[in-house]
Every structure is written in C-alpha cells, then in structure tokens.
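Participant: In order, the protein sequence lines correspond to chains R and S. Residue numbers for the first sequence, in numbering that gives the first Met the number 0: 0 to 608. Residue numbers for the second sequence, in numbering that gives the first Met the number 0: 0 to 608.
Source of the hints: derived by calculation from the structure; they are not laboratory data. All values reported here derive from a predicted model rather than from experimental measurement. It cannot be assumed that every hint is accurate.
Dumping the calculated PhoX-like pairs for lysine-lysine here, alpha-carbon to alpha-carbon at most 25 Å [unchecked claim]:
(1) R:Lys536 with S:Lys606
(2) R:Lys259 with S:Lys72
(3) S:Lys606 with R:Lys199
(4) R:Lys85 with R:Lys11
(5) S:Lys72 with R:Lys546
2 protein chains.
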Amino acid sequence: MSETKVSLRGKKRTHNCGELRASDINKAVTLNGWVDRRRDLGGVIFIDLRDRYGKTQVVFAPQHNESVYQVAKQLRGEDVISVSGKVEHRPEGTTNQNLPTGEVEVLADDLVILNEAETPPFPIDSDIDTSEDLRLRYRYLDLRREPMQRNLTTRHKMAQVVRRYLDGLDFLEIETPFLMKSTPEGARDYLVPSRIHRGKFYALPQSPQTYKQILMVSGFDRYFQIVKCFRDEDLRADRQPEFTQIDIEMSFIQEEDIYKMAEGLVKTLFKEVKGIDIKTPLPRMSYDEAVTRYGSDKPDLRFGLPIEDVTETLRGSEFKVFESAIQSGSLVCGVNLPGQAGVSRKQIDELTELAKSCGAAGLVYFKVVGDSLESPTAKHFSAEQLKQLHEKFSANNGDLILLVTQPRGRIYQTLGLFRLELGKRFGLIDENQNALLWVTEFPLLEWSEDEKRFAAMHHPFTSPREEDVVNLDNGLKEYAEKKRWLSENSVNKARARAYDLVWNGNEIAGGSIRIFHPELQQKMFSCLGISKEEAEKKFGFLMEAFKYGAPPHGGIAFGFDRLVMLFTGSKSIRDVIAFPKTSSAMSLMDDAPNEVSRDQLIELHLKVI
Amino acid sequence: MSETKVSLRGKKRTHNCGELRASDINKAVTLNGWVDRRRDLGGVIFIDLRDRYGKTQVVFAPQHNESVYQVAKQLRGEDVISVSGKVEHRPEGTTNQNLPTGEVEVLADDLVILNEAETPPFPIDSDIDTSEDLRLRYRYLDLRREPMQRNLTTRHKMAQVVRRYLDGLDFLEIETPFLMKSTPEGARDYLVPSRIHRGKFYALPQSPQTYKQILMVSGFDRYFQIVKCFRDEDLRADRQPEFTQIDIEMSFIQEEDIYKMAEGLVKTLFKEVKGIDIKTPLPRMSYDEAVTRYGSDKPDLRFGLPIEDVTETLRGSEFKVFESAIQSGSLVCGVNLPGQAGVSRKQIDELTELAKSCGAAGLVYFKVVGDSLESPTAKHFSAEQLKQLHEKFSANNGDLILLVTQPRGRIYQTLGLFRLELGKRFGLIDENQNALLWVTEFPLLEWSEDEKRFAAMHHPFTSPREEDVVNLDNGLKEYAEKKRWLSENSVNKARARAYDLVWNGNEIAGGSIRIFHPELQQKMFSCLGISKEEAEKKFGFLMEAFKYGAPPHGGIAFGFDRLVMLFTGSKSIRDVIAFPKTSSAMSLMDDAPNEVSRDQLIELHLKVI
C-alpha cells in the first residue's frame, strides 16, 4: 500500500452514481463509489465514479481546491472513494447523451480514499477479451462489469415477478429439505455423510419432487418454491452441479389449469422484464408432431422448414440409394428451402457436408424450376413421383428441396439438426420473434437398450393418460408371459400426461399430472422394473401417504438459470449465476472442492480410498 | 381398498371450501376436498368438506338424490371427493357463527370419490394429544391440521413481506452457492464428497458470509437472500441441521443505516402480519448494560427487575457470607421483587431453591416494611448499609429484595436466569407487549479457556470500533513479548461494531460492520491465533478480493425459523418448518439419513470405517 492516507469512514453518500441530473445543479452532494476511469486534461483531473446505479463525472481542479486535487492525483482505477462537491453543468459541447448523468459533473471539494486497489488482472469493461477461467478466478472483479451487474439485477427482478405472480394466485412458498433421503433414479445424487449416524448419508435434492407431492397430500393445494437442486453429473456446457428451479405444484387440477397458470407467468415475465406482450393461450403440439415435423421435442418455430415424409411418394423408383433404403425399412424425408434453387455446385457440396455433420449419409437435392424439379437424380424418378414430390412440399419456383434417407429411429434427429443449421445459415430465424408452444402427449416410457428395460421419460410419478392405463396392464401381462422386458412391449404405447414449455427451441419448463393412487403408482413402478421391495425402500413414505387421501395433482418446473439466460440474451448460464462452477465442478475463486482435515473425516467415519 | 368406484377425475371445483356465503345461495357449485367429519342424522348424511381455505357443510339426503346418498354412505374421514350441488341456507337454528361458511350448506347432486383414505393414526384436529415422533412420521397428515396450515401460510406471507420490503429499498436477491469451500471456524461443516476430485470435499454453507462480502466487493451495494444454512452440531431443542436465514448486506453504510433498514423491516412485518404498530427507532442498550442490568445479552424488557450491584454498599458488614465473598473478589447483586414482602417461609424456601437452580449458592432476602428492611440477616448490617440498600433498589413498602453473591464471571448469568424465572412465576411479563431493542458494543473477542486463545465473539470478519484498533495493536505487542496469549491481553478490551436485535428476550437478528481493509483483516486473524498461512488457505480469496477495492460494508441476518415461530406463537421451530429433523438429525417420514449403495460410495472414493 502506498503512503496515501486511507480512512475507515468517508462521508455518507447523498446520491448514488446514477442519480444526478440537470435539476440537481448547484446542490452539494456526496458520492461513494469506485474510480472507473481517470483522465488528466490540462492540469484538471476527471474521473468517472461508478457504482451499481451508474457513473458520474467528478472534476478535481487545482484552482478550485488545491489540496483535494493533490489527493486526487494519487487515485488509480478501482480505488474506493467518498467525494463531495457541487453539481455543475458540464461545459458546452462536453455533455454525454449516452449517460443518464451525462449533463452534469461534480466539482470536488472533499475526497476521502476508503480503499486503494491494485491493478486488476483485466479491465472492468463491458466487453473484455479474457479467458473465462480468469474471470471466474477473480469473480468479484468480473461481477463489477456492467453486463454481469445487469444480468444479476434482471435475475433478481424475475424472481420477484415470479413470486408476486404466484403469491397473487394463492400459491404458498414452502421450503423443502436439502438434507433428504438418497433415492437415485436417473441422475447421481450428491451425498452428505451423517456424523451422528455412522455409515448413513443424506442426499441433496435433485428436485423437491416427492416433497411437493407430499405437500399436496397435506392439502396445501398450491405450492411453489424457487429452489436450488443438485445433480452430480458429468457436466455439459449448459449444466451446473447446483441449479435453480421454479418449482410449482397444484391440486384438484387438470392439464388446462397448469397451462393457464404457466402461460400467465410467462406473459407476466415478458411484460414486466422485456416489455413484450405475449399472446396467450399458447399453441400446442403433440410430441409426435414435434418430432416428425421438426425433428425435435423442443421445436424452434421462429421459422418454417417443416420435415416432410416422402417415403411413400418415392417408393418404387429407380434411384437405388432410396429404393434399397426404403426396402430395408428406412424413411426418405426432407425439407424445402425457399428461394435457394440458385445455389452453386460448391454450395450444394457445403450443404451435403452440413447434412453429414448432422448425421446423414448423404443429401439429395431438387431445384424447383417452374413446375418441374431439376436434379442429377431426377431421371431416376417417374414424372408422377416428381409431381407428387413438388406437391408434397408445396414447392414454389426457385425453391430447393433437400432429401435424406435413414432409419426411422434416426432420421428425425438428423433432419431436426439440419433444419436448425439451415435456419441459421440462411437467416430464416427472426431474432425478434418469441415462438412459445406447449409440447404435449409425451411417451410415458422410453426403452433403455443398455438396461433392457423401460425408464420413465419424465419421472416415475408422471401419470399415464387414463385411456393408456390399459397399455400398462397389457404390458405387465406380456412381461409376466415372456419373463423379460422387450422393447416392443405394450407399455411402449402409453402416453404420459406430461408437457414441456418451449421457447425458440429451448425447453424452459416441463411438468406432468402425477399419479395419485397407490395402485397406479405401484403399476408404474412395476413397468419400470422396480420391485415392490425397492419401491417400498425408496418411495415407501410417498406410497404410504397416498393411502391417506391424496388429491389429484400436478405441476411444472421452470429451469430458472436458463430462463434468465434467455431473458438477458446471455450466451452461458454461467453469466447469470453469481458464483458458478466450471465444467469440472470447481469454483476457481475459492478453490472448492478442497481437502479437509483428517479430524473432519474421522468424525464422519470416512476414509478416502 | 373397498369396492367403491374411485375415479381419476372429478368435476372441477367452482369454489374452494372456505368461500361460500349467504350471497351464493341457489348457485350450483362444485367443491373438492377432504371429508373432515361425517354425521348421520335421521337418514341424512352431513359432512364437513375441508381444504386449505376452510370447511363447508355438505348434505346428502336420500329424498333429494338417492343414488348419491348411497355413494355418500361409504364415505369415511379423509376421503378425497368432488361434490356438486346447490347452495342452500342452513335451516333456522343450525347456522354456525364460528365458521365463515356457517350460514350455508351444499345439497349434493353429484359425488365422485377421487381417493379413499385409511383411518389416520391420529385425528386431523387442531389440538391433538400425540407424540411429536408420530406427527413427524406421518408429517403429511400432521400438516393437514389447521395450526400447521396456518403456520406455513404465515411463513409464506412473512417471506413475501420481507422480499417486497427489501426489493423496495433496491436490495438485490442474489443466490450464493451451496457447494462451497470447507473453512470450519466455529461450528462443524456438513461435507459433500466430490466424485470428480478424489479426496476433495465441498461444504454446505454455515452462512453465505464470505459470499455476501464478495458481492459487496463486486459493487452490488445492497444484497439479500432468504437462504438455507447448515451446521453439523449436536442439536439442542431449538436447533435444526438446516435452518433459514434472512441474510442482508449493504455497502457504504454505518451502523445507523443497518438499524434503520432492519427497524423498517421489523415494523413492516409486525404491521402486515400481526396488525401491530411498532414504534421506531428502537431503544438501544450496550452489551455491558444488558449483562450487568439484566444478566443477559438478550434481555427481556417486557418487565423490570433490573439487577443492582450492592457490593460496595454492603462491604464491611458483619455478615460473614457476604463479607468473605466480597473480600475474595465476588460481587453481591440482587433484584427487588415488588409487592412480595408477604411471602411465607415456605415461599422463601422455594425462591431459594429457584435461585440455586439458576446457579446461586444461596439467597438472602429483605422484606421492605415501611422504610425498614426486615430479614434474619438484617442484624449483621449497619443501619446505614440497610438505608443505602433500600435506596439502591428504590424500594417501596411491601417489596422483597433478593440478593446473591458470586464471582463477577458468573453472578450475572445466575441473576439473569433468576430474573426471568421470577418474571414468569410472579406474572410480571405482559404477553401482549413487544419489547424490541438493539444490544450494541459487543466485545470483539472472547477468551477460550480450552484453547488458551481468543475467539471471535461474532465472527472473524467483524470490525473493531475504530478507537479500539489500538487495543489489537497493543495486544499483538503483548503477545509478541509473552510468546503466548493470556486472558488479560489488551485485545480483550476491543469492542466490536456488532449488534443484535432482541425481541422479548429472543435474539432475532445479529450482524456487524465488517472489516474491509486487508491489513486490518490480517490483524484480526493474528489476534485469533490464525497464522498467515492458515488465513491464506482458508480466506485467501476474500483477503485478495479486499486488495482490489473493497467498500465499507456491513450486514445483518435474521433467524427466519425463530422469527416465524415467534410471530405464530408456536412452541417449537419444528412447528414452522414443513419437514423438520429430530434432535438426532433424522427425518422420521422418509428415514433420512439412510444407507447408500456400495456403488455410490465407490464412485466417491470413500469407505465407511
């Protein structure tokens, strides 16, 4: 530290750094904040003083106050100061229209240096060219940057809007435990060793699922929580070991009630945070349609390019590639890229590469010229087939039809990815549009080839549709006969009372109507290959609760981190979390996780092996 | 399950069970809820249908609808039903003024049984005579009881009021991590083993202390969070392994700013939750005064009985017990119990026993009769001493002065407990009063006889008063000379910029102005016997953050569980927590903690020993 006199107390601020306007001119004010920028101009020192609320220009002039000017000469960026002076109009021609305080400056009469700062490892600017690791290491400095301040402020605002909305609808915010029972089903639990109970462990919640259902059994009727959840998974770019969920559950309701409540919430958020009016009710699309038309269970509907299945149209052609694929059960599907018939050979090659990177083996194209289709492969198809192809895609002159062939189990994913890439590459996505929709009628179960059994697509508490319970009954009969699960078992036909809310291709919420009868819950467990004993051990308390009068109930959960990321236009959820972990689940700022003392482990009856 | 047809869907409710009034008569309505009580009267079935919002009487009359009546005959308590019918006025003389819906009843036209209930292990009544263990085991049923519903509803309301208040003052709610670094200092951390980083652990936060300070360094200026904290301690009656804190931190402030903000919060809570106007600013009392006058750092000021020190008044008497105690450095202190001079010998014996149970060796009493003091011991004191004793206690005719002698280090605790017991026993406590006060000027450090060093009374980040920094400097010099810490070291004189908020003898909040200069923080660590290396290892990131421009800051935290307990008049914090743990940190409902699979432990590189 230099010899500057640093004080423990400065004068209390009268205003924040974003507050002063022309109407404050001649007022004596005190500001507290950080030295954002310092300029020395003709023997006068100018600084921008910064706090959370904004920036204000402060002037230190030797002719006005020599001693204060001398102190100011020592100021460096990020020093913390308390400065007092008179608000003045900035001289003609020097006002800054981009700054709310840009008409005024404070002519300093007094200056107290509250803390000095070393030179930061990176500049505290909106845009910085710094590795994320360095930003995370010095997170306290990174968080001073305006985009981070704005992101966390928006996050705060969104949380308050959500709570006010739900409070207004008689929802109760009820805290559920963080130290709960480990019932791994799906993701891995984070465990917490018990000191008092040797060899026993708590688990951190992957979600408050069982507790919120218990609260419905308790008659709380409408519950919500903005709550941390934990999953010990190998992290992908967009995942964190701890994440925040807006968790909502309601009793005596059906799907329509959840839709209405959630649409109101989204509408309110858009209005209050972005000033945008969202039209409700939102459109709905079945899972089947989403997958077969858009190749995704979270379709981005800001643009078209729907997938068409032309397998039957093209069946029986002389085009070997398609015909042998069709014969072996594959499909031929594609999209119609409007107005791109003029692509060059080189561009076609690029599109082919793109299709391959999405999983296709190759790409067949047809340029739409008037009423006819032109392509090196066109000669292998009958005139009638080409006519029907033209019709199927409702093609217009100048369009470009792109086809691939693959087995049913893979082609939709391929074309889903391809469609998104085409949308980006050809500028088809209107960034100002907000395409929200419900995806409904999810399958109840999905086959796990590894485990040779079915897993819950949503979770084991999701109700099948009433008319599909018979599929569970049939499936269990088939299982009893075959003594093992086969992927073609009848349970595969059961659809769930589950729904996802999708915004511009992102799943922002998901939920379901729950099972509320112990018998049906037991049936579901059986379909998942969970034995009565295992179900009893893991979920016995929930099954038992259901015996004492469980109401019909259901809910939905929003991924809050992702929602804030999308609302703030951030690139990563790490930019909307104050202290995120890296992809190896580390905190670079404080070095967590770290080693603990031998004593701590002995108390927990644990040994590292 | 009986043969009753249970349905997956009932009719959607048009009203809740607390809503119908005389103005709704003749409306066709549908209610959903639980069968609270059933009575069969003269061939007609009456049930009270219950939900979170209230109860409504439903009538099943065979002459009105025979088939519905037949279904209703099967109804049992806690069955979940959907019932439709017409709202009617209750017959003359049968209205219930105690029930908001007591003027009406619903004559049932339709009944769907949504779920049947087994007989609950205890009645769902407001008052039940059931062990707490059984209540916790069947928490979902316990939570149906009206007092529990009311408690959690009040808790919800308080959380919203707190957030709205702080949001209105520009505080930002910022989430801090749950998976953090283990830095045990004081209580034991709950640890979370890392799977990816063998042998390393996260810790669950005991409080977000370091993070909120980091947020101040980041310029967030005003932060709050209603947040779970964790301490792995041997539980006392009023403690939980996980508890909730209203955590608040501000920059560029002094004590007065915290007081004002916190008083506003408390005032708002009292007004909005209890409809009570609290007068602010609240009174303040130094720690020294609280201890010497009330024998507690959280004095209950709903009644008087201040402690008076009469050591000097009585020094030199012929009463051996006191004189030898005084000679050996003990104090003689006591309280004046108004109007109790008429106590019997038996009552004096009881009071003596009470004093002993509070830690005293014995009790000396003086009955105030007119201007004189009567007591078997009176003859051992001079007339002047008795006169001064009388004056010291401002005694009135009929009062009873009670004295004890003990060393200075123990007498205040003894008399603090004794005072509280007297207050209860003699009905001196006005239960309708709300005595709030600040206790200030806490000692910075307290001597640990076990460890032969000083520990932080609040926490190591609490700032000493500016004028007391010199005591740290002197103390460190003395330590350097003596090479070891002694209890009479100068640091013992340092007072902290710490404060507690006390309500009727309960500490409801505590906080401090923090150290914000790295040098002073290092000095504080030295006084705590924390080496530079240890400080660097544990709090290096905070010390480093302070080098880049930390603002003056401070904060306060409210114990939210206890606050809700006090606001709801509950006897235990377990009655205001949805799913609490027992005193051995177990959840009786779901049996957490539990054993986990071998695979889970192997993945975590752990072995139970």
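Participant: So, for every hint listed, does it hold in this structure?
Facilitator: Here's how the hints hold up against the structure:
For the proposed pair Lys536 (chain R) and Lys606 (chain S), the alpha carbon gap of about 23 Å is at most 25 Å, so the pair holds. This hinted pair does not check out: Lys259 (chain R) and Lys72 (chain S) have alpha carbons roughly 36 Å apart, beyond 25 Å. Restraint check for Lys606 (chain S) and Lys199 (chain R): the C-alpha separation of about 12 Å stays at or below 25 Å, so the hint holds. Using a Cα cut-off of 25 Å, the hinted pair Lys85 (chain R) and Lys11 (chain R) holds, with the two alpha carbons roughly 15 Å apart.
Among the hinted pairs, Lys72 (chain S) with Lys546 (chain R) is consistent with the structure: their alpha-carbon atoms are about 20 Å apart, no more than 25 Å.
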